[in-house]
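Heads up: the protein sequence lines correspond to chains A and B, in order.
FYI, the numbering for the first sequence is 1 to 84, going by our numbering.
FYI, the numbering for the second sequence is 85 to 702, going by our numbering.
Calculated directly from the structure, the hints in this document are not laboratory data.
Do not take every clue at face value.
Here are the simulated DSS-like cross-link-like pairs (lysine-lysine), alpha carbons at most 30 Å apart as the crow flies [unchecked claim]:
1) B:K308 - A:K61
2) B:K346 - A:K58
3) B:K409 - B:K621
4) A:K61 - B:K409
5) A:K58 - B:K409
6) A:K61 - B:K208
7) A:K61 - B:K253
8) B:K307 - B:K133
9) B:K133 - A:K61
10) B:K308 - A:K62
11) B:K343 - A:K59
12) B:K208 - B:K253
13) B:K343 - A:K62
Please read these numbers as outputs of a predicted model, since none were measured by experiment.
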Amino acid sequence: MVDTKNDGNTDASSVWASFFSLVRLVLFNIFLTILFFIVLTPFALLRRAFGHDPMALKKWKKGQGSVFVTRDHIYHAEDIEHPF
Amino acid sequence: MANAILGISAFYHDSAAVLIVDGEIVAAAQEERFTRKKHDAAFPHHAAKYVLEEGGIALSDLAAVSFYDKPYLKFERLLETYNGFAPKGLVSFLSSIPVWMKEKLFMRKMLNKELARLGEGKPKLLFPEHHLSHAASAFYPSPFEEAAILTVDGVGEWATTTIGKGVGKDITVLKELHFPHSLGLLYSAFTAFCGFRVNSGEYKLMGLAPYGNPSASRVEDWKKAIYSDLIDVREDGSLLLDMDFFNYATGLTMCNFPKWEKLFGLPARKPESELSQEYMDLALAIQQVTEEIVFTLAETVRELTGCENLVMAGGVALNCVANGKLLRKGTFKDVWIQPAAGDAGGALGAALAVHHIGQGHERIVHPKDSMRGSYLGPAFSETDTLRVVRKYSAPYKKYESVDTLYTDVADLLTKGSAIGWFQGRMEYGPRALGGRSILGDPRHPEMQKKLNLKIKYREGFRPFAPSVMEEEITTWFDLDRPSPYMLIVAPVAEKQCNSLPEGYDSMEMYERLYVQRSSIPAVTHVDYSARIQSVSKETNPRYWGLINAFNRDHGCGLVVNTSFNVRGEPIVCTPLDAYACFMRTEMDYLVVGDILFPKAEQPEWSEEGDWRDQFELD
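Using the sequences and the hints, build the whole thing.
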């Protein structure tokens, strides 16, 4: 007859596994936060200072003209080849 | 060798799979129907398995698998969003970047891994743009050789709205509106503010709008506030949103609630709380603004393309109130809307784009359309139904003559019964169209209340739709053409309408709702309109046969049609799902094929736990 109950070792290893995965998550989030504020934000602010407006925020309530992007493009086979 | 293409939409919401063979749509289904998880976003493993089986196609037989968007362009948009808003956006950054780093940046690998579960072979993977997938799903199955194309949704890669033109097998994109400026996301933000769930509650917001008081001054005031503070609409219908009021680009919610509360002088409504008149008026205001923008866009589309017919797709094309008004305005001679207009339909468009654009095959245009009534999902045999009979020792009556079945079911409808109607192939898209429907008598004064509260267990204000036989449309509605996919709202014919009682305007919402405003009150909305599905003898002979018997014997050529599910549950797929839903609710009869199950004769239903816990409220 097989004893299907968890032994103490399994319980302990699963607690340690959860603990390490939590630590990994926290460290990864700290890394991403640093990346966001130290790398991405200064870069973004610098680009915006030079007129980069990827979200078209500067066009708000400026005129009546269209804010559509013109494409005038017939789709061809190569347009659907790549994930980019 | 057949030229088979598998279309896939996945990883956002409403994943689906579609199989086309030599350009013909063989099978299409949403994953949620199989997994029983509403709006399931996972890779559509079950749906893909089903469509391949339906077509008798192995994975190795496929010429290509087409995924419905370009993931790297989406990632680029995400990074540019942070570039546009940083130092705002950390919350969104922390939530989305890990998912991209772990999975989505390796989309080819992930798709190949998922496809490997379906069998041997490694078909070529292709990636049309998200809005091309929508445009292709609208144009290629449409009945037009040439048409203007308008797609409007939340967002794809960059595009949130596109204007294009389809001629023969070619699609040209002319104009695009780019993220974060989006009519779909604007409507979703109001959905969230009014306490409904984004990506499913938009339909409820649209259903709530007719309860708004059009003569109330606050409706006008709020419209002005929307135009002046939230959006900047240009003369051609393109628009900008003031992103200080919206949170979806940088956070995890739709809007900046404190700013909205200040703007409208109204707190954000808590989900499931009482619906007061203010939210109905706000729903009316945003519905009217949406319609005005759609009409302006349509004018621009007409001018740019010179086409007399329009096709539409994208989530906003499910706004059937706007669709009906657009049709009546006559900007276009005719309008055709893809029945699976949301993201599920992207799977179809992705496959069709490969066939016509990738492989260069010409179109075959069908005079009605190529969707075959949207009955593209699985059908089940009598053997499957008899398995359910055995499992539950369920008493039933088998009809040898389908005409007798129609006559008996028509009789039961007149007695006020709610009847589950499960026939043939399951519908593709969000609407039940007589394949997986619950039916009732639209003349019955209590039918709307009964269906909402005792069968669907959903909000009492939500309206029901009629299924009317094509030959009887003009008897009941002010509509001059078929509406096979329930995507057009039109007025109930004047001769069927009653005048309103005195003091109507001061009545509470539910009092107003239950006023008998027409001879078919169960499907007449408070503004005397109805969301119409017309039924043709050729496309769905069984459903037409039943309504015809109801008309012949009882003088009513329409029935109430609501989807066969309860709130939060995906529409039923199998006879087993149907029987469980039938037994859990106060439905009176269930018809599966030629078999009728009377509720009164069924053994008591028992199951472990509360079945309501299985479904998250939508």
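Evaluated hints:
1. For the suggested pair K308 (chain B) and K61 (chain A), the alpha carbons sit about 15 Å apart, so the restraint of at most 30 Å is met.
2. Distance restraint check for K346 (chain B) and K58 (chain A): the Cα-Cα separation of roughly 24 Å lies within the 30 Å cut-off, and the hinted pair is therefore satisfied.
3. A hinted pair counts as satisfied when its Cα atoms are at most 30 Å apart, and K409 (chain B) with K621 (chain B) qualifies at roughly 27 Å.
4. Under the criterion of a C-alpha separation no larger than 30 Å, the hint pairing K61 (chain A) with K409 (chain B) is consistent with the structure, at around 28 Å.
5. For the hint pairing K58 (chain A) with K409 (chain B), the CA-to-CA distance comes to about 34 Å; that exceeds 30 Å, so the pair is violated.
6. As the CA atoms of K61 (chain A) and K208 (chain B) are separated by approximately 46 Å, the hinted pair breaks the 30 Å bound.
7. Between K61 (chain A) and K253 (chain B) the CA atoms are separated by roughly 39 Å; this puts the pair beyond 30 Å, and the hint is violated.
8. Taking the CA atoms of K307 (chain B) and K133 (chain B), the gap is about 48 Å. The hint is violated against a cut of 30 Å.
9. Using a Cα cut-off of 30 Å, the hinted pair K133 (chain B) and K61 (chain A) is violated, with the two alpha carbons roughly 50 Å apart.
10. For the suggested pair K308 (chain B) and K62 (chain A), the alpha carbons sit about 18 Å apart, so the restraint of at most 30 Å is met.
11. As the CA atoms of K343 (chain B) and K59 (chain A) are separated by approximately 21 Å, the hinted pair is consistent with the 30 Å bound.
12. Between K208 (chain B) and K253 (chain B) the CA atoms are separated by roughly 22 Å; this keeps the pair inside 30 Å, and the hint holds.
13. Restraint check for K343 (chain B) and K62 (chain A): satisfied, since their Cα atoms lie roughly 22 Å apart, inside the 30 Å limit.
Going down the numbered hints, you'll see the structure goes against 5, 6, 7, 8, 9, while the others check out.
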